[in-house]
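*Asks:* For reference, the chains in residue letters:
2 protein chains.
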Amino acid sequence: MKPLADIDSQIVCLLKEGSFVSGQEISTALKLSRSAVWKRINGLRKGGYAIEARPNKGYKLSTSEKPYTTVAVSSALKTETFARVLHFHESVESTNTLARKLAQDDAEEGTAVIAQAQTNGRGRRGRAWHSPKGVNLYTSIILRPDISPVHAPTLTLLAAVALAEAIEEFIAPIRVNVKWPNDILINGRKVAGILTEMSSEPDKIDHIIIGIGVNLNIEAKALPEELAEIATSLREASGRAVDMTLFACSLYSSLEKWYALSLSSGFAPVLAKWRTYFDKVGQNVKVSEGGKGVATEGICTGIDDDGALLIKTTDNVIERVVSGDVI
Amino acid sequence: MKPLADIDSQIVCLLKEGSFVSGQEISTALKLSRSAVWKRINGLRKGGYAIEARPNKGYKLSTSEKPYTTVAVSSALKTETFARVLHFHESVESTNTLARKLAQDDAEEGTAVIAQAQTNGRGRRGRAWHSPKGVNLYTSIILRPDISPVHAPTLTLLAAVALAEAIEEFIAPIRVNVKWPNDILINGRKVAGILTEMSSEPDKIDHIIIGIGVNLNIEAKALPEELAEIATSLREASGRAVDMTLFACSLYSSLEKWYALSLSSGFAPVLAKWRTYFDKVGQNVKVSEGGKGVATEGICTGIDDDGALLIKTTDNVIERVVSGDVI
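Chains as they are written, first to last, in numbering that gives the first Met the number 0: chain A, 0 to 326; chain B, 0 to 326.
If you're looking for bench data, these hints aren't it; they were derived computationally from the structure.
One or more hints might be untrue.
For lysine-lysine, the following DSS-like pairs were computed, each having C-alpha atoms within a straight-line distance of at most 30 Å [claimed, not checked]:
1. K189/B - K65/B
2. K100/A - K56/B
3. K285/A - K311/A
4. K65/B - K203/A
5. K203/B - K100/A
6. K203/A - K203/B
7. K285/A - K189/A
8. K56/B - K100/B
9. K100/B - K59/B
10. K59/A - K45/A
11. K203/A - K279/B
12. K189/B - K203/A
13. K100/B - K132/A
14. K272/B - K203/A
15. K203/A - K189/A
16. K189/A - K220/A
17. K132/B - K100/A
18. K178/A - K203/B
19. K30/B - K203/A
20. K220/B - K77/B
21. K311/A - K203/B
22. K203/B - K285/B
23. K285/A - K285/B
24. K132/A - K203/A
25. K203/B - K272/A
26. K178/B - K56/B
27. K203/A - K220/B
28. K203/A - K285/B
29. K203/A - K311/B
30. K189/A - K77/B
31. K279/A - K56/B
32. K45/A - K56/A
33. K132/A - K100/A
34. K56/B - K77/B
35. K203/B - K256/A
36. K203/A - K256/A
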């Protein structure tokens with residue numbers, strides 16, 4: 000399935016920022032009539048693109064505008080397959096819920112959903128995810144890995160690595176940390192989260208949805224009171240506004256790269272990279288397991304090759320914690 | 000949610016086979032007008048119930064008919080919760096697919112789906128499940144166990160135990176065997192299968208659908224050619240027709256019992272029972288893994304506490320096989 004926006008994306012790719020491209024060039028390259036080109040240029044302008052048109056010279060992109068639309072994202076993608084089929088919505092209940100529906104209708108691997116806002120954004124364990132419009136990224140991507148369901152949790156760590164890498168590109172030289180298993184923190188404040196959902200038979204994965212929420216440009220004063228002390232955004236941390244379209248594209252590139260690497264070389268490189276973001280080794284930690292009130296406390300010695308958190312308790316036993324929240 | 004059929008089920012429960020029950024009694028017991036009772040009796044007749052009505056005496060059930068309807072199943076249920084919410088359809092694409100939709104719309108644990116026929120019945124790994132109308136049982140039930148997703152495969156073995164037990168009730172003294180992990184065989188021929196599908200986060204199950212197909216009354220000559228040599232039905236094996244309504248109710252009771260036991264006492268009793276149905280210990284077996292053409296061959300030594308198949312290969316190593324098909 001090719002999204003309708005594909006032709007628009009191709010036009011945006013042909014347009015340049017410094018010089019004019021003639022309507023005839025576009026028309027020839029894309030096998031469109033001149034009037035069809037003109038109509039699409041007008042559509043792109045309505046979609047937020049600042050396009051200058053001059054008689055006998057053609058069209059030119061202005062650099063000042065930063066549109067965040069299907070076309071903008073599609074035309075800036077650097078991936079092979081990830082987000083090449085993109086469902087971009089103004090508002091959805093939850094990008095994961097929509098992605099799940101698409102997956103059940105046989106959407107192919109790499110299909111992505113973006114929403115400018117979510118009316119019922121979800122975090123782990125049914126928690127809410129604050130999803131105001133126009134400032135943050137809310138996206139979900141469909142994977143269909145040919146691995147056993149028991150190895151699926153490793154994909155959450157993979158997503159954390161890809162996400163951490165994409166964030167650091169935009170806030171350099173500031174660094175991020177991961178909070179086991181999959182939150183991304185800047186200076187101890189949460190800036191992004193991952194919700195992995197799987198549909199499987201006991202020995203076969205049908206699909207995995209990786210849902211990602213990233214606080215990009217939300218201002219501290221716009222955060223709900225309960226998040227004000229514990230959350231931040233890329234903009235708050237770095238002092239620079241983030242181009243949402245370019246961030247989404249970087250994230251998809253990073254996800255695609257790490258996913259391909261893990262399929263070809265196994266999980267070890269992902270794990271090694273994840274460990275570079277993890278700053279709790281040697282520290283005292285407390286983990287609540289599965290929301291059951293049970294807690295394990297001790298010195299964190301790292302994560303094992305399955306991604307389980309390792310904790311040395313007071314009686315010198317190393318415990319593996321496979322699920323829970325670090326308090 | 001109470002199904003509309005509930006009142007009908009209550010009427011059927013009040014009716015007796017040997018003696019008459021007056022319309023007034025039913026009317027009082029269920030707080031219905033006499034004319035409402037009369038309308039419902041007529042509805043039940045259309046649904047397949049043979050109900051005799053006599054002036055001044057009331058209503059009586061005839062024993063000869065064996066209806067297979069929502070009302071028939073609901074009124075014969077002996078369970079606490081399983082199938083108490085029942086979606087009974089003449090034909091659906093797949094009971095598992097419908098159950099999944101219901102689960103995503105927050106259907107409660109125990110909600111069940113029955114279809115008299117499936118247009119796209121599914122077995123494991125996307126294989127087809129032959130689902131002609133009116134002769135076999137096709138049902139799915141929604142579970143929401145508070146266990147880690149890594150333990151989900153044990154529920155497939157649990158379903159196999161419950162199913163084996165229900166089948167043996169109807170074909171005694173003939174016995175069944177299980178084929179690892181979850182087919183039920185009579186004299187080496189497949190009579191029933193289970194398709195378990197799960198929706199989960201890495202550390203939390205949202206829901207599990209247990210789909211069960213049982214060849215109850217299909218005749219050997221009605222089996223498709225490719226199944227004729229390898230499949231059978233309860234009727235073919237025992238020479239007796241099976242009451243589909245009663246079979247469904249026994250199955251739900253058996254599932255509910257084993258599920259409650261495993262939640263209260265762990266998986267050991269299920270495993271012990273499963274082993275009594277398993278007849279391959281000490282035999283040479285070959286297992287294809289995950290449809291990948293990889294095969295493990297050797298002497299089967301049993302299953303371990305996770306339900307994995309144990310095979311001693313020629314170099315005396317015990318291999319654990321967690322997924323695949325015994326050839």
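*Asks:* Is the Cα-Cα distance between K65/B and K203/A 30 Å or less?
*Replies:* violated (39 Å)
*Asks:* Would the pair K59/A and K45/A pass a check requiring their Cα atoms to be no farther apart than 30 Å?
*Replies:* At roughly 16 Å apart (the allowed maximum being 30 Å), K45/A and K59/A satisfy the hint.
*Asks:* Quick one, are K30/B and K203/A close enough, alpha carbons at most 30 Å?
*Replies:* violated (51 Å)
*Asks:* K203/B and K285/B were given as a pair; does the straight-line alpha-carbon distance stay at or below 30 Å?
*Replies:* Given pair K203/B, K285/B is violated - Cα atoms ~34 Å apart, limit 30 Å.
*Asks:* Check whether the Cα positions of K311/A and K203/B lie no farther apart than 30 Å.
*Replies:* holds (24 Å)
*Asks:* Regarding the pair K203/B and K100/A, is the alpha-carbon distance no greater than 30 Å?
*Replies:* holds (20 Å)
*Asks:* For the pair supplied as a hint, K272/B and K203/A, confirm whether the alpha-carbon distance does not exceed 30 Å.
*Replies:* holds (26 Å)
*Asks:* Checking one constraint from the list: CA of K203/A to CA of K311/B, max 30 Å. Satisfied?
*Replies:* Holds - the C-alpha atoms of K311/B and K203/A are around 24 Å apart, at most 30 Å.
*Asks:* Given the hint that K203/B pairs with K256/A, does the C-alpha gap stay at or below 30 Å?
*Replies:* holds (28 Å)
*Asks:* Verify the proposed pairing of K189/A with K220/A, using a straight-line Cα cut of 30 Å.
*Replies:* Answer holds: K189/A to K220/A is near 15 Å, not above 30 Å.
*Asks:* Given the hinted pair K189/A and K77/B, is their Cα-Cα distance within 30 Å?
*Replies:* violated (51 Å)
*Asks:* Holds or violated: are the alpha carbons of K45/A and K56/A at most 30 Å from each other?
*Replies:* Answer holds: K45/A to K56/A is near 22 Å, not above 30 Å.
Hint check: violations occur at hints 2, 4, 8, 9, 15, 19, 20, 22, 23, 24, 26, 27, 30, 31; the rest are consistent with the structure.
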